[in-house]
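Asks: Each chain, written out:
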Amino acid sequence: MEVPTPARFLRFRPTFPSRRHQPGYAAEGGRKDRSRIPFLIIFLVFLQFGLHALFLGQLTTRPLFWGLLVVFYSSLLFSLFQVRINKSLHGWLWGFLLILLFEKVIFYPSIYPLDNTWLKELGTGFQNLFGLGKDLLSPLKVGELVSLNHNATAALFFTLSILLWLPAGVSMDRALRYNSWGWFLIITLLLLVWLEPTRTFPFFFPLELMVLVSLFLLLLWRARAERWRSLRLRHEKGDLKRVVLWSLLVLVPLLIFLFPWAWGSAVHFQSFLPKVPPLEASTSPPPSIPQSTPASGTFPYITLPPFSLPSWVEVLGGYSSYIAIILFFLIGAFVYFRFGKGESLLYFLLALGILALALWLLPPYLGPILTKAFYYLKVGVDSLFAALGLKRGIAVPGGTPTGPGEGVNPETSNWIAEFIRSLALFFSQASVILITIGAVLLAVILFFVLKFGLRRFPKIKEQGKRSKEARPQTSDFLSPLSFYFKLLRILEEKGIKRRESETPWEYERRAASYLPFIKEEVGDLTEAFVEARYAQIAPSSERVLVLEKDLAQVERKFQEEEKKRVQGK
Amino acid sequence: MRLRPGVLLLALFSVVLLVFFGGKTAFLFLLFLFLLSLLGYFLTWRAFARLKLERRVKPTRLSSGEVAQIELVVENPSSLPLVWLEIWDNFQPYMIPHDGPPRFALSLKGREKRVLTYRALLNKRGEYNLRPLVVSAGDPWCLWRKERSFDAPASLMVFPRIIPIATINLPLRKPFEGKKSGIRAYEDYTAISGLREYFPFDPLKRVHWKVTAHLGKLMVKEFEFSSSTTLAVWLDLVSTGHSKDFMEVYEEYACMIAASILYYASEEHIPTLLKVFPEEKGELSLGKGKDHFLRQMEILARARAKEGNLLQHMGLAAPHMPWQSNLVFISSVLNKQFLYRLVELRLRSRHLSLYLLYEGSFLLPGEKPRYNFLLDPIEVSELRRMSGILEEQNISVHLIGGNEPLEVVS
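Protein sequences appear in the order of chains S and X.
Per the working numbering, the first sequence starts with residue 1, numbered consecutively.
Per the working numbering, the second sequence starts with residue 570, numbered consecutively.
None of these hints come from the bench; they were simulated from the model.
Keep in mind that the hints are not guaranteed to be accurate.
Stated by the list, open to error - Below, in silico cross-link-like pairs of lysine to aspartate or glutamate (EDC-like), each with a Cα-Cα straight-line distance of 20 Å or less: (1) X:Lys682 / S:Glu236; (2) X:Lys790 / X:Glu766; (3) X:Lys937 / S:Glu531; (4) X:Lys621 / X:Asp720.
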């Protein structure tokens with residue numbers, strides 16, 4: 001039978017945020033939150049510098065990349081060490097903006113030629129994107145789409161991810177506690193950093209992958225532990241370990257499965273066959289493509305007359321371009337060309353094989369095998385590629401277009417690039433001490449940038465003021481009131497809330513009847529409250545001390561009860 | 570089964586990136602997410618497939634202020650592990666978790682069985698049917714989460730608190746004495762009125778053997794006559810005219826007094842009858858013994874305040890009261906109509922003890938009184954003045970204030 005009483009009475013309600021996030025925690029002897037942030041930053045930067053110096057051989061020249069790495073790792077570790085990052089979020093934001101500004105306004109324009117600036121690329125990219133819908137099948141358009149430089153892509157990609165990361169960062173603790181999709185943002189960033197376009201050295205990849213996977217698992221463990229702790233779910237440590245272990249057991253095969261996919265940055269097809277004349281053209285040949293000489297510094301389009309055959313074709317990333325490849329191939333193979341009897345099926349199957357490679361449906365190391373298979377089968381691979389009619393190029397380190405034809409090497413284009421390159425070489429060959437000094441300097445700069453960003457935000461100050469005001473006053477007259485309110489809060493947490501209709505004495509009696517072990521303390525505090533509130537009698541300072549002790553006693557007794565519970569268990 | 574909205578958002582994000590910019594990263598991420606979700610779905614889907622949950626409570630009947638132990642048996646009969654499991658037992662109001670909140674998180678191996686033990690402190694009488702357990706499980710990365718209610722039925726009966734009447738100085742120690750009755754219905758074996766010579770057919774158990782030996786002839790004991798030794802306890806739980814908060818406190822304390830008196834009577838082997846106003850179901854007839862007492866306690870545990878007309882209920886119940894029994898009436902009503910009806914009622918009973926909890930509560934043993942300036946209500950003062958007159962009518966009135974212990978009635 002349901003008890004016909006107010007349901008709120010004595011029902012346990014978890015209170016969030018936790019004690020750690022309540023105002024005055026640090027003042028009452030709780031852990032101070034920000035003390036280890038600079039050390040963490042130094043540590044992380046050093047870690048990253050060291051890893052790069054050791055395995056990459058040179059420093060990456062992109063400030064955005066560095067900024068992202070630092071923010072990513074520090075956020076990760078802050079959450080691991082339960083450092084409060086909520087308030088420093090705006091600092092992060094300012095830091096990002098500054099880094100972005102530096103990269104886009106000062107760094108890139110000084111390295112790249114003017115006709116290849118980020119903004120221009122972005123504009124072209126969007127122009128192409130909007131034109132994509134109405135003329136998807138035009139090779140020219142797709143070619144233009146391909147020319148969307150990966151500087152722009154990466155910049156937009158990261159900006160968008162940051163925009164998503166920020167709300168997650170705001171509620172990092174909450175995200176972890178509620179086990180929400182903050183997780184997936186972490187995975188996103190993990191993959192983003194892992195597969196950052198500048199990462200071209202394959203031997204670097206496994207180590208960092210291991211570091212990231214272990215961090216991920218550590219984070220998983222922390223998040224699970226935090227959730228179970230904050231929701232006060234009783235558990236054993238072994239259970240937590242099991243969860244992480246099973247996560248690892250499932251995650252590792254998945255990563256192994258994905259590993260070959262992520263390893264290479266391109267699939268290369270090289271024809272081992274002599275040029276073969278194309279098959280007889282149909283009555284409706286594909287439209288002729290106007291050949292234009294691209295501006296210097298940009299990647300030239302593939303020469304694609306319908307009936308001339310390149311002997312070397314390279315297919316490089318880009319999912320949208322893969323879709324285009326499928327469409328072009330199908331159109332080329334089945335609309336514009338006529339095959340001999342029975343050949344169409346073979347061509348179709350071969351096309352599927354190539355597309356499987358192009359779409360990364362098969363690991364890249366199968367590429368050469370398949371190509372050789374084509375060779376032994378004496379299939380006109382070139383014809384197929386001619387039908388594909390595409391050459392894709394994707395910018396690799398630092399957004400440099402590479403591949404056959406003229407490319408631009410930003411590291412040799414001007415004196416700034418030369419300087420950065422020599423700096424990178426210096427750092428890569430310098431001793432650990434020098435790297436440490438550089439890392440410390442960077443960390444200090446970053447720290448001040450963040451601190452500056454933090455001060456700039458007035459809302460934070462307001463919040464700080466509010467939290468100061470919320471702390472209990474120590475005045476003798478007000479102390480009984482604050483003690484009593486604190487008592488109310490404690491008892492409310494324990495499930496006994498004071499009703500609006502209840503007088504303090506009624507409440508005291510009711511509370512004492514359910515929690516007899518704190519009866520005397522509750523009685524004293526109530527008495528002092530009634531005197532101070534209704535009789536306007538300020539207690540003596542000795543009495544205040546007694547009351548303070550009473551309050552501490554209440555908390556201690558609850559803790560003792562908790563201890564008894566644990567021991568009993 | 571529920572997918573985290575964030576996963577969809579991220580998938581959408583990746584798709585947008587793929588469509589607009591292409592690139593291996595987004596594609597791989599999408600693939601990673603897809604595979605992870607697929608695995609997660611499988612793990613979550615099979616989580617509840619064969620999960621077994623059982624809940625045991627001991628003891629099922631306990632007194633107010635005692636602790637009940639609840640055992641939860643969780644079994645995973647499948648050979649695959651259950652990565653994580655969260656079990657929430659939502660206690661009913663007034664069930665206080667004695668050793669931490671009744672919520673558990675665990676990870677079960679294949680074919681593992683675990684017993685989780687927790688305790689509940691029950692300070693309020695009543696019948697508690699434990700609510701279904703809410704169990705949630707999912708994959709290790711929490712992409713998927715599934716929640717299900719497991720109905721593991723268990724119930725608890727909490728009897729009202731019994732205040733040991735024998736240890737405190739109360740008129741309740743002799744609550745049933747009154748004037749000698751003119752009707753020679755029963756002999757009171759506790760009071761010997763005299764001795765006489767043995768007549769044939771006198772029962773041998775009445776022979777006073779010591780005196781017989783002394784005088785050299787058979788002598789038998791004679792006892793005083795009493796009208797009745799039965800005890801009727803009437804409990805007023807009519808909430809009409811009272812606030813909800815008042816009734817919540819009052820019904821607890823009133824039941825406490827009723828339970829204490831019934832316990833005393835049970836110990837003294839006095840037949841008792843309990844009547845709760847305006848409760849209609851589950852009434853018991855006159856009886857004695859432990860079983861009878863337990864059934865009465867169950868009634869008291871279930872008794873709840875309800876709307877009703879007290880005077881009307883009293884009128885209806887009066888004819889069913891055993892003739893010339895001792896009546897104990899526990900109420901909080903202070904008006905004159907009620908008193909007139911009580912005087913009428915007294916004619917059917919031998920003695921009437923009226924317990925009036927005009928503030929709804931009293932001080933329990935060990936509680937110290939609070940400093941209090943409040944004057945008694947006018948009705949209480951009037952009743953105190955009238956108590957002498959009522960005493961002549963064989964009605965003892967015990968007015969118990971909120972700041973008074975039960976001893977003050979003496």
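Asks: All the hints need checking, so say for each whether the structure fits it.
Replies: Hints, verified against the model:
1. Pair hint Lys682 of chain X plus Glu236 of chain S holds up; C-alpha atoms about 15 Å apart against a cutoff of 20 Å.
2. Between Lys790 of chain X and Glu766 of chain X, the direct Cα distance comes to roughly 9 Å. Compliance with the 20 Å bound is thereby established for this hinted pair.
3. The suggested pairing of Lys937 of chain X with Glu531 of chain S holds, with an alpha-carbon distance near 19 Å, which does not exceed 20 Å.
4. With a C-alpha separation of about 11 Å, the suggested pairing of Lys621 of chain X with Asp720 of chain X holds against the 20 Å cut-off.
Against the hints set out earlier in the document, no violation occurs for any number.
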